[in-house]
Structure formats: C-alpha cells, structure tokens
Amino acid sequence: MSGQRKRNPNGAGTITKRKDGRYQAAVYVLQPDGTRARKFAYGKTWAECDAKRRDLLAKVESGIPVPTRSARLGEWLPYWLENVIKPRRKRTTFAKYEVHVRLYLVPLLGSKKLEALSVADVRRFLVRLEQQTTAATAKESHKVLRSALSAACREELIARNVVSIVEPPQVEQRDLSPWSLDETLDFLAAARTDPLYAAFVIAIALGFRRGEIIGLRWQDVDLEQRVIRVRKQRQRVHGEVYDDDPKGRRRKQSLPLPAMCVAPLRWQRMRQAAMRERAGEQWTESDYVFTTRTGRPVEPRNLYRSFTRVAGSAGLRVIRLHDARHGCATLLTAAGVAPRVVMEILGHSQIAVTMNVYTHVVQDTQCEAVSHMDRLLRRRPGRE
Numbered sequence: 011m012s013g014q015r016k017r018n019p020n021g022a023g024t025i026t027k028r029k030d031g032r033y034q035a036a037v038y039v040l041q042p043d044g045t046r047a048r049k050f051a052y053g054k055t056w057a058e059c060d061a062k063r064r065d066l067l068a069k070v071e072s073g074i075p076v077p078t079r080s081a082r083l084g085e086w087l088p089y090w091l092e093n094v095i096k097p098r099r100k101r102t103t104f105a106k107y108e109v110h111v112r113l114y115l116v117p118l119l120g121s122k123k124l125e126a127l128s129v130a131d132v133r134r135f136l137v138r139l140e141q142q143t144t145a146a147t148a149k150e151s152h153k154v155l156r157s158a159l160s161a162a163c164r165e166e167l168i169a170r171n172v173v174s175i176v177e178p179p180q181v182e183q184r185d186l187s188p189w190s191l192d193e194t195l196d197f198l199a200a201a202r203t204d205p206l207y208a209a210f211v212i213a214i215a216l217g218f219r220r221g222e223i224i225g226l227r228w229q230d231v232d233l234e235q236r237v238i239r240v241r242k243q244r245q246r247v248h249g250e251v252y253d254d255d256p257k258g259r260r261r262k263q264s265l266p267l268p269a270m271c272v273a274p275l276r277w278q279r280m281r282q283a284a285m286r287e288r289a290g291e292q293w294t295e296s297d298y299v300f301t302t303r304t305g306r307p308v309e310p311r312n313l314y315r316s317f318t319r320v321a322g323s324a325g326l327r328v329i330r331l332h333d334a335r336h337g338c339a340t341l342l343t344a345a346g347v348a349p350r351v352v353m354e355i356l357g358h359s360q361i362a363v364t365m366n367v368y369t370h371v372v373q374d375t376q377c378e379a380v381s382h383m384d385r386l387l388r389r390r391p392g393r394e
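Residues in the sequence shown are numbered consecutively from 11, following this note's numbering.
Since the hints were made in silico from the structure, they are not lab data.
Note that the coordinates shown come from a computational prediction; the quantities given were computed from them, not determined experimentally.
Don't be surprised by glycine CBs; every beta carbon is placed ideally from N, CA and C.
Among the hints, a few may not be true.
Heads up, simulated SDA-like pairs for lysine to any residue below, C-alpha to C-alpha not over 25 Å straight-line [said to hold, decoys possible]:
hint: 1; residue 1: Lys153; residue 2: Glu182
hint: 2; residue 1: Lys257; residue 2: Glu354
hint: 3; residue 1: Lys96; residue 2: Lys62
hint: 4; residue 1: Lys27; residue 2: Pro88
hint: 5; residue 1: Lys106; residue 2: Gly44
Quick list of simulated restraints, FRET-style, between CB atoms [stated by the list, open to error]:
hint: 6; residue 1: Met280; residue 2: Glu182; range: 24 to 32 Å
hint: 7; residue 1: Glu309; residue 2: Ala169; range: 45 to 53 Å
hint: 8; residue 1: Thr103; residue 2: Thr294; range: 42 to 50 Å
hint: 9; residue 1: Ser174; residue 2: Asp254; range: 23 to 31 Å
hint: 10; residue 1: Glu250; residue 2: Leu191; range: 32 to 40 Å
hint: 11; residue 1: Arg279; residue 2: Val347; range: 25 to 33 Å
When you get a sec, could you build the whole thing from the sequences and use the hints?
Below you can see the structure in the form of structure tokens.
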C-alpha cells in the first residue's frame with residue numbers, strides 16, 4: 011500500500027482499515043433537512059473504498075443530499091419544496107404544492123420511508139384523500155407526490171418512482187358554458203360606462219387572463235400599429251401582490267390588436283390622464299393601463315367583482331371572468347378559425363390543451379362537416 015494516501019485533506023473524508031480487513035471511508039454529507047452528518051462507506055480494498063469516498067464528495071460538491079439513515083417523506087417533501095420547487099418554479103406553483111404537502115401528503119404519508127413507500131400505500135392514500143376531499147384534489151396530490159419522488163430518483167435517494175405506476179383518480183371535466191354571442195354583446199353594452207370597460211373588451215376579444223390584464227402596461231400597447239404584448243402578469247400569493255412572467259406561450263408574445271379594442275383603450279388613456287390631474291401629488295406613476303384613482307395597480311379580485319356586478323345588473327347569468335376566455339375561443343372556433351390559431355391567441359403551450367378545453371365547439375363543427383358530406387353523397391333522384 012506504499013504510495014497510497016492514508017490521510018486526505020480537511021473536508022475530503024478519511025479512509026481507515028478495520029479489524030476485519032475491510033476499509034472504511036467517512037465523509038460529512040448533506041442531509042435532506044439541510045444539516046450535515048457523517049456517512050460511512052466500505053470496501054474490500056483501499057481503492058474500492060476511495061472510489062466510494064470520491065463519489066460521496068462529488069454529491070457534497072453538487073449539493074445532493076445523502077441521508078445517513080433512511081429518509082422519510084415528512085423530511086424529504088419540505089426539503090424538496092424549499093430547494094427544488096421554490097428556486098425554479100413560479101410562486102403560484104410553489105404555493106399550490108405547499109398546500110398539498112402540508113395538508114395531505116405529510117399528515118397521511120409523512121411517516122413512510124422513501125424507499126419503503128409501496129404502490130399499495132399510494133393507492134390507499136389516493137382513495138382515502140378522494141373520500142375526504144374530491145377527486146380533483148386527490149389527482150393534484152398525486153401530481154405533487156410524483157414530482158417529489160422523481161426528484162428523489164434523480165438524486166439517487168430511491169431506485170424507482172412508485173407513484174408513476176399508480177394512475178391518478180378520474181376527474182369529470184367541468185361543463186363549460188360561456189356566454190353566447192348575444193349574451194356577450196349584451197354584457198359589452200351594459201359595461202360601456204364602467205371604468206374597467208377596456209379590460210372587459212380585452213378579456214372577451216383576446217382571451218387575456220385576469221393577471222395578464224391587471225399586469226398590462228402602456229409600454230406594451232401600440233395603438234398606432236395595433237399591437238399588444240404580454241410581458242407580465244400580476245398575481246396575489248399569500249397576501250402579497252407581485253409581477254410574474256406570463257404562462258405558456260404568452261411570454262413576450264405580440265398579438266394584433268382588434269379594432270374593437272382600440273377606442274376603449276384610447277378612452278382609458280384619456281380617463282387615466284384626468285385621474286392623474288385630479289390626484290395631483292397623491293398620484294403614483296406606474297405605467298399600468300388599469301389603475302385606481304391614485305395610479306396604483308387594480309387589485310386582481312376587484313376586476314372579477316366589477317365583472318360579476320356588471321353581468322348581474324344586465325340580467326345575465328354570472329360566469330367566471332376566466333369563462334370570458336373560454337368564450338373567446340368558442341366564438342373564434344365557431345367563426346371557423348383554425349384551432350392552431352386559437353391556440354396562439356390564447357397562449358396555450360400545447361394544441362392538446364386547446365382541443366381538450368373546447369371539444370364542445372369542435373363537436374359542433376364536426377356535425378356541420380358531416381351534414382355537408384350527407385349532401386354531397388346523397389343519391390341522385392331516380393337511381394337505386
């Protein structure tokens with residue numbers, strides 16, 4: 011063994027020979043809870059033990075946890091949220107995942123060891139959760155747990171992800187019932203004098219999400235060239251309102267501005283200039299298109315409140331503001347616009363999303379196409 015180093019630099023671990031003839035490596039490694047603990051590895055030869063020591067050190071340098079004991083889900087899930095999801099995903103995603111971890115996954119599965127979690131454990135968890143809550147909640151928890159265990163697989167804490175073997179609960183699709191064309195026109199007529207009229211027109215004509223409307227800035231609106239861009243969306247999470255990147259294909263997306271949006275936006279700009287003059291020193295310059303009387307961005311919930319108030323005053327059935335987005339797709343599809351174009355306008359990341367959400371419109375189009383085929387292939391008079 012001459013020439014081989016028996017002692018390594020500080021922090022590089024140590025290798026010693028045991029009484030039974032084997033070699034033992036000891037390295038301080040990161041734990042799932044963020045602490046450090048001593049991890050031992052064994053080998054029949056010094057070289058074999060040194061290879062295991064180097065492998066542990068590589069994980070230490072990469073920040074990969076190496077539990078000295080079998081980690082439980084109750085330890086791994088909070089670590090995964092803070093160190094994997096929070097730095098890389100949207101705050102809304104983190105908040106949603108955190109709720110499922112805190113309310114369902116840790117209370118019902120937290121005592122289970124990662125490598126001991128079985129397919130049967132996951133199935134029992136999903137059945138119990140669906141009975142206590144809803145199928146949609148159980149399906150979302152399935153998604154969160156599957157993602158958490160996929161990360162554990164990548165970090166070599168477990169050999170396989172048992173959640174991917176278990177199918178999530180089936181959830182009935184919500185019956186979409188956006189306004190018809192007549193209802194939409196009645197709403198726009200009733201909203202014409204509302205301070206947020208331009209916001210409603212954008213929601214209906216372009217299918218903008220609530221956060222995209224509230225986060226719209228004048229620098230993203232070109233009324234002369236009739237172009238509008240979606241750069242940010244405004245969200246509220248845990249009581250804090252902030253600007254975030256838009257979802258899907260919306261990021262830095264430019265869209266042609268329909269003619270029906272131009273006049274309301276011009277009116278909004280003049281109205282905002284008048285509010286700025288009245289507010290004087292109390293005005294807060296923000297460049298947002300839709301603001302309060304003092305220039306602050308509109309509270310996201312207030313846009314929905316105004317939407318439902320106008321709908322109620324017009325005698326219309328009250329729908330979600332997001333259903334105006336569905337209505338945009340319905341009207342576009344009914345007008346013969348190709349689904350791919352509808353997808354681009356609405357900013358869906360995949361065409362499957364557009365097709366799945368608006369299948370009821372597609373079915374109507376198919377019925378019309380089949381009726382054309384009936385007329386084309388109808389037998390000629392007098393022939394059998």
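Against the structure, the hints:
Between the alpha carbons of Lys153 and Glu182 the distance comes to roughly 17 Å, so the proposed pair stays at or under 25 Å and holds. This hinted pair checks out: Lys257 and Glu354 have alpha carbons roughly 12 Å apart, not beyond 25 Å. Using a Cα cut-off of 25 Å, the hinted pair Lys96 and Lys62 is violated, with the two alpha carbons roughly 31 Å apart. Between Lys27 and Pro88 the alpha-carbon distance is near 38 Å, which puts this suggested pair outside the 25 Å criterion.
Simply put, Lys106 and Gly44 have alpha-carbon atoms about 23 Å apart, close enough for the 25 Å limit, and the pair holds. Roughly 47 Å separates the CB atoms of Met280 and Glu182, a value that falls outside the hinted 24 to 32 Å. At about 49 Å, the CB distance of Glu309 to Ala169 agrees with the hint of 45 to 53 Å. Restraint check, Thr103 to Thr294: a C-beta distance of roughly 30 Å breaks the suggested window 42 to 50 Å.
Taking 23 to 31 Å as the suggested C-beta distance range, the pair Ser174 and Asp254 conforms, at roughly 29 Å. One distance hint, 32 to 40 Å for the beta-carbon pair Glu250 and Leu191, holds here, with the actual separation near 39 Å. Range check, Arg279 to Val347: Cβ separation about 29 Å, and the 25 to 33 Å hint holds.
Violated hints for the displayed structure, listed by number in ascending order: 3, 4, 6 and 8.
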